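With chain A fixed as given, assemble chain B onto it according to the hints.
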Amino acid sequence: MPSDIEDPIISLRGLTKRYRGTASPAVDDLWLDVARGEVTVLVGPSGCGKSTTLRLINRMIEPTSGTIIFDGADVTKVNPDELRRNIGYVIQKVGLFPHHTIGDNVATVPRLLGWKKPKIAARVDELLDLVGLDPSIYRDRYPKELSGGQAQRVGVARALGADPPVMLMDEPFGAIDPITRERLQNEFLRLQAELHKTIVFVTHDIDEAIKMGDRIAILRERSEVAQYDTPERILSFPVDDFVSDFLGSGSTLKGLNFERVRDVELAVYPKVRGDASVAEARRVLDDADEKWLLILDGRGRPLRWVHRRDLRAASDGDDLTAMGNRVRANIEPQATLRDALEEMIQSNHSSLVVVDGSGSYLGCLDIEVVTSAIHRMQATARKHYADLTADVPPVDAALLTESSDPTGTPDPTEAPDPTGTPDPTESAGAAPS
Amino acid sequence: MTAPLSADEALPSLIDVVEETVPASRRPHGLIAAPFMLLAAAGVLWWHVASADKDSIELSALSWSDKLQPQIREHLALTGWSTLWVLLIAIPLGVALTRPGLRRASGVFLTVANSGQALPAYGLFVILYMWKGRGTQTAIMALVIFTLLPVLRNTMVGLDQVSADVIESARGMGLTRWQVLRRIELPLAVPVILAGVRTALVINVGMAALATFTGGGGLGDTINSGLKNSRELVTLTGAGITALLALTLDWVAAVAERLLRPKGL
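So the protein sequences, as listed, match chains A and B. Its first residue numbered 1329, the first sequence is counted upward by one per residue in the numbering used here. Its first residue numbered 449, the second sequence is counted upward by one per residue in the numbering used here.
What the hints contain is simulated information worked out from the structure, not anything from laboratory work. Since we're looking at a predicted model, the values are computed, not measured. Please note: incorrect hints may appear among the correct ones.
[Unchecked claim] The calculated DSS-like cross-link candidates involving lysine-lysine, where the alpha carbons are at most 30 Å apart (straight line), are:
{"id": "1", "chain 1": "B", "residue 1": "K515", "chain 2": "B", "residue 2": "K502"}
{"id": "2", "chain 1": "A", "residue 1": "K1472", "chain 2": "B", "residue 2": "K711"}
{"id": "3", "chain 1": "A", "residue 1": "K1525", "chain 2": "A", "residue 2": "K1445"}
{"id": "4", "chain 1": "B", "residue 1": "K711", "chain 2": "A", "residue 2": "K1447"}
{"id": "5", "chain 1": "B", "residue 1": "K580", "chain 2": "B", "residue 2": "K502"}
{"id": "6", "chain 1": "A", "residue 1": "K1405", "chain 2": "A", "residue 2": "K1525"}
{"id": "7", "chain 1": "A", "residue 1": "K1445", "chain 2": "B", "residue 2": "K676"}
{"id": "8", "chain 1": "A", "residue 1": "K1525", "chain 2": "A", "residue 2": "K1539"}
{"id": "9", "chain 1": "A", "residue 1": "K1421", "chain 2": "B", "residue 2": "K711"}
{"id": "10", "chain 1": "A", "residue 1": "K1444", "chain 2": "B", "residue 2": "K515"}
{"id": "11", "chain 1": "B", "residue 1": "K515", "chain 2": "B", "residue 2": "K676"}
{"id": "12", "chain 1": "A", "residue 1": "K1711", "chain 2": "A", "residue 2": "K1539"}
{"id": "13", "chain 1": "A", "residue 1": "K1447", "chain 2": "A", "residue 2": "K1421"}
{"id": "14", "chain 1": "A", "residue 1": "K1444", "chain 2": "A", "residue 2": "K1525"}
If we strip away everything but chain A, and leave its shape as in the complex, we get:
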């Protein structure tokens, strides 16, 4: 698998782990680079060797052969205990020391490294604050008083103890209920945006991988890398059946999570303010040569969609704000295209009005834009792989532009076609229903 990672912080070179008395190795000749400051997710079915791979990195399991490069140095033979003090380690079952207070648990590695007491105390409070636990309440408590979610927060704080550049996390949220898991995932992402640690994260849950990962390695048996890339590209272009099966149905839709409304070109519809006359409205609509006109209020907020025939039927003195259909489907620029598509399907509109935080009109998002975004992402990913390998036939460069006709692009996934719901060819005309 070609890799475009420059200056990796961890490099696994031909790593193999063979257990005595087993026919095939648990990890077989693994080559993997981990990018600095990114979240790299190892994901794969149970028993594919992803946890073993993680534990090879900090040598909780000693490799049978191969080399581990950590920050430019070969650490395959160094003292593993000292190596581990520079690598945070979080496991699914947390493993807090039950006879140590929460503060002492968090202080474990700083103490091993011989920090001074005041520095350790300050660091403990800082870390508990960081993971959202009030130090004055929790510092002197014992782990048995914590809920599962709180225990894992302490686990993360403890792993961050001496500010290691790298953290290894083995299904850290796997044993936590779905609601708490989602909250912890979001907090983790918020933390990571602040800390920029290099994180190697193991999960069997592809959705968690897509959510958490800057880069995902999809592993099959014996830790063989099936595909290693950004989640966007993997979703847009699964390299083989194993990957697309593992991604499951709906991977195209999941890909839409990575594109935001503000990143695509918005459609422009003619618009007038609600206090304008019918004659003025007719003129604006005629100039634009469109079927629909958007009526805004005095502060630029969208009020109503008015069709050409509404205006034709109206008499000169009529109130524009009483005609046509009320604008119901709005979306903000930071929403993802997935959110937008969902809103379109729910509201049965093929066009959404994009408004800013205060509700002012910015433009319109047509379903055509969403579908072409899908195809553009797929074409981009395809081209990326075409450039990297000769196996994939090159694509028509025209497909890479947004305006091109998307229907010709072959769909590499078997995901349901989102364009099937509302008909994109009638999007402009059918905007309000």
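Leaving out everything else, chain B in the frame of chain A:
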């Protein structure tokens, strides 16, 4: 919350300790009451012996300064030394047998230790007497063999029940094997190990009464002389003091278990 017993004033320090470490539902009322009951029992025994009419044999056998006091001292020495040796042998052995390299040998050792306890105690003394001759050392050796098992087994069980996740996370943070043993495994195994030690201690007090047959001294001398001379009062006194010693040491060990149990468990 205050302790509901009148012992509140008599034993303020113990109650303070207990209040801090033990939730209300697990307050050891028995631990506080036990010394008073022991004192009462000792008083009854003393009153019974003091008020009885005694002949010269009884007077001589029950002399506090010539017989009972030195015998109690010998008895405690036998118990103390044998328990100490058991700790010195069984705990390191238990630690060694739970390390990855030696784990496979643990079955053999447990079987051997088990047979030590399965032997009739009296027979064990006789065998060692034939091998090593008379003396305190022979008695101590018999006691050690007899009580090795509970401490060895509890050490191994105590270490084995430490959660694998706790050890994994400790190793993952860079604690050495020795640090994991000392800071994590042993402290977490303390309650179970101490329970084994307590068992050993109580067995040793009782078994030390047999030391008299190998010339080891102790309260067995008094019991034996009472039996030989058909003086029930003497037998009762020796047996009674032995029982009181056993109960007292059991109480001391129970208090130690409470105090040494790591917080947070």
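Results for each hint:
1. Among the hinted pairs, K515 of chain B with K502 of chain B is consistent with the structure: their alpha-carbon atoms are about 16 Å apart, no more than 30 Å.
2. Restraint check for K1472 of chain A and K711 of chain B: the C-alpha separation of about 11 Å stays at or below 30 Å, so the hint holds.
3. Note on K1525 of chain A and K1445 of chain A: the hinted pairing holds, with a Cα-Cα distance of about 25 Å set against a maximum of 30 Å.
4. At most 30 Å may separate the alpha-carbon atoms for a hinted pair to count; K711 of chain B and K1447 of chain A meet this at roughly 25 Å.
5. Straight-line distance between C-alpha atoms of K580 of chain B and K502 of chain B comes to about 38 Å, which puts the hinted pair past the 30 Å bound.
6. Taking the CA atoms of K1405 of chain A and K1525 of chain A, the gap is near 24 Å; set against the 30 Å cutoff, the hint holds.
7. Taking the CA atoms of K1445 of chain A and K676 of chain B, the gap is near 68 Å; set against the 30 Å cutoff, the hint is violated.
8. At most 30 Å may separate the alpha-carbon atoms for a hinted pair to count; K1525 of chain A and K1539 of chain A meet this at roughly 17 Å.
9. This hinted pair checks out: K1421 of chain A and K711 of chain B have alpha carbons roughly 21 Å apart, not beyond 30 Å.
10. A hinted pair counts as satisfied when its Cα atoms are at most 30 Å apart, and K1444 of chain A with K515 of chain B does not qualify at roughly 59 Å.
11. Of the supplied pair hints, the one linking K515 of chain B and K676 of chain B holds, its CA atoms being roughly 16 Å apart against a limit of 30 Å.
12. Annotation: proposed proximity of K1711 of chain A to K1539 of chain A holds, straight-line Cα distance about 24 Å (limit 30 Å).
13. Pair hint K1447 of chain A plus K1421 of chain A holds up; C-alpha atoms about 29 Å apart against a cutoff of 30 Å.
14. For a cut-off of 30 Å, the pair hint linking K1444 of chain A to K1525 of chain A stands: about 24 Å separates their Cα positions.
In terms of the numbered hints stated before, the structure departs from hints 5, 7 and 10, listed from lowest to highest.
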